[in-house]
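As you go down the protein sequences, you meet chains A and B in turn. To convert, count from 1 in the first sequence and add 18; that's the working numbering. To convert, count from 1 in the second sequence and add 28; that's the working numbering.
Note that these hints are calculated values from the structure, not bench results. The C-beta atom is built at its ideal place from N, Cα and C for all residues, glycine as well. Just to be clear, a hint being listed does not mean it is correct.
Claimed, not checked - Label-pair ranges, simulated between beta-carbon atoms:
(1) B/Y213 - A/V78: 24 to 30 Å
(2) B/L239 - A/F31: 46 to 52 Å
(3) B/T212 - A/G25: 42 to 48 Å
(4) A/F26 - B/V221: 46 to 52 Å
Said to hold, decoys possible - Restricting the straight-line Cα-Cα distance to at most 25 Å, the calculated cross-link-like pairs of lysine to any residue (SDA-like) are:
(5) A/K66 - A/L53
(6) B/K77 - A/S221
(7) B/K54 - B/D43
(8) B/K174 - A/R229
(9) A/K66 - B/L227
(10) B/K174 - B/A235
(11) B/K174 - A/A233
(12) A/K66 - B/T255
(13) B/K174 - B/F245
(14) B/K174 - A/K66
(15) A/K133 - A/L59
(16) B/K146 - A/R225
(17) B/K174 - B/I149
(18) A/K133 - B/T255
(19) A/K133 - A/Q222
(20) A/K66 - B/M254
(21) A/K133 - A/S96
(22) B/K146 - A/H232
(23) A/K66 - B/R251
(24) B/K174 - A/L227
(25) B/K174 - A/A143
(26) B/K54 - B/F207
(27) B/K174 - B/R248
(28) B/K174 - A/G126
(29) A/K133 - A/R229
(30) B/K174 - A/Q129
(31) B/K77 - A/Q222
(32) A/K133 - A/A143
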Amino acid sequence: MTLRTFGFNEFGFLLQALQWTIVLTVIALIGGGLLGFAVALARTSRTKAVRIAAGTYIQVIQGIPVLMILFLSYYGLSLAGLELPPLIASGASMTIYASGYLAEIWRGCIQAVPKQQWEASESLAMTRLQQYRYVILPQAVRISLPPTVGFAVQVVKNTSITSIIGFVELARAGQLINNATFQPFRVFIAVAVLYFVVCYPLSQLSRWLERRLHAGSNR
Amino acid sequence: MSYTFQFGVLAQYQDEILNGIWLTIKLSVLSILLGSAAGVVLASIRSVKGGAARFLVDAYVEIIRNTPFLVQLFIVYFGLPGVGLRVGADTAALIGMTINLAAYSTEIIRAGIEAVHKSQIEAGEALGFTRFQIYRHVIIVPAIAKVYPALCSQFVLMMLASSICSAISTHELAASAAFVESQTYRSFEVYIVVTLIYLALALALRACLALVGMWLFGRRVARRTMTSLPEVQA
Chain A
19 MTLRTFGFNE FGFLLQALQW TIVLTVIALI GGGLLGFAVA LARTSRTKAV
69 RIAAGTYIQV IQGIPVLMIL FLSYYGLSLA GLELPPLIAS GASMTIYASG
119 YLAEIWRGCI QAVPKQQWEA SESLAMTRLQ QYRYVILPQA VRISLPPTVG
169 FAVQVVKNTS ITSIIGFVEL ARAGQLINNA TFQPFRVFIA VAVLYFVVCY
219 PLSQLSRWLE RRLHAGSNR
Chain B
29 MSYTFQFGVL AQYQDEILNG IWLTIKLSVL SILLGSAAGV VLASIRSVKG
79 GAARFLVDAY VEIIRNTPFL VQLFIVYFGL PGVGLRVGAD TAALIGMTIN
129 LAAYSTEIIR AGIEAVHKSQ IEAGEALGFT RFQIYRHVII VPAIAKVYPA
179 LCSQFVLMML ASSICSAIST HELAASAAFV ESQTYRSFEV YIVVTLIYLA
229 LALALRACLA LVGMWLFGRR VARRTMTSLP EVQA
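Next comes chain A alone, as it looks inside the complex (with noise of 0.2 Å):
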């Protein structure tokens, strides 16, 4: 039996795992993003216990391992009976996770419309859903771009801890082809490219948004 080397099919198999990679980061920017941002919104209400409440939740997420959640996701709702494919296991945790992050970049965003925009919303006689709908969360939202497609590229790069649940995306792929060429210089470093291409644009994009938002800014 010859072993099999790196080639053309094995690089193929990468490239269908890495669309793995990507719905596993839209799933959890779609749903990290909804929870995300009704944490948010609890973290800026007026209810203190509320306020409070949010922010133990932002500050437990982002004080634990990805990996724990990850594990507690999976073992825990195979607890509750439900017998999950790693997909949703990963989607679920991947979610918890993103939401704790978004939920402060957001807050952050909508703290930083200038208190006098809540206080001549007000005065208008507008509710505090108007507020939000036609004051405070357009604003929220050109601030918040920058920071939210950052972190869309710790996601993509923490997507690859799944693989230690056995759900087959990119770096489970790269695991996979070397052990089966026992090739893995090579492997792991296409591995680390296709990662790479993904992640560089979202990063560059990042810092491009950033300097458009401040460009009027800082004269």
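Starting from the known structure of chain A, arrange chain B on it as the hints suggest.
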């Protein structure tokens, strides 16, 4: 769902868990010292305009920051033996963590250096400071004081990320957890306990870093260190 939690069985694995905690702490402290020292050096090299050195530092920072830590570990642990360098799992973990943290520290300190106003340097010159004095008193120390909270957030993130080293069979806390789980089949209990330990370690590390910040840069920096949450580096 009818599940009875049994935390009692974990008690006999106390030593195993403590050993895991100890290695996590050792790896974190060493990588923080080495990584931040490398960050200061690389950010300083980078602050010299033009030349190949600046390009190389930038390339290093971008490559590390745009690839996953897990893949970096794989390259160090599985890849290096292929080119004739054999390293153990603990050493590989330390190398991986240091390489990773050095890149992030460089980026953070670079931002601090760039925030030093030109007039400050001119003031230093006007006072007859030598170039080294200007570098030391006007540029690097104020720059680090400014970004110290962001650096500390990165240190905490690195400590948490050290759990990923269990994937290359480094026997730190996450690996201890996996071992105890395999012995007891009490997965949920084990991971709850270990998650709480990580949370405690994160809080303790932040408190220690705040104390170091107070000693190095004074009370104001220390307070910002305690309150700032991990910032996402774009």
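If you test the structure against every hint from before, which numbers come out violated?
Hints 14, 19, 21, 25 contradicted; others consistent.
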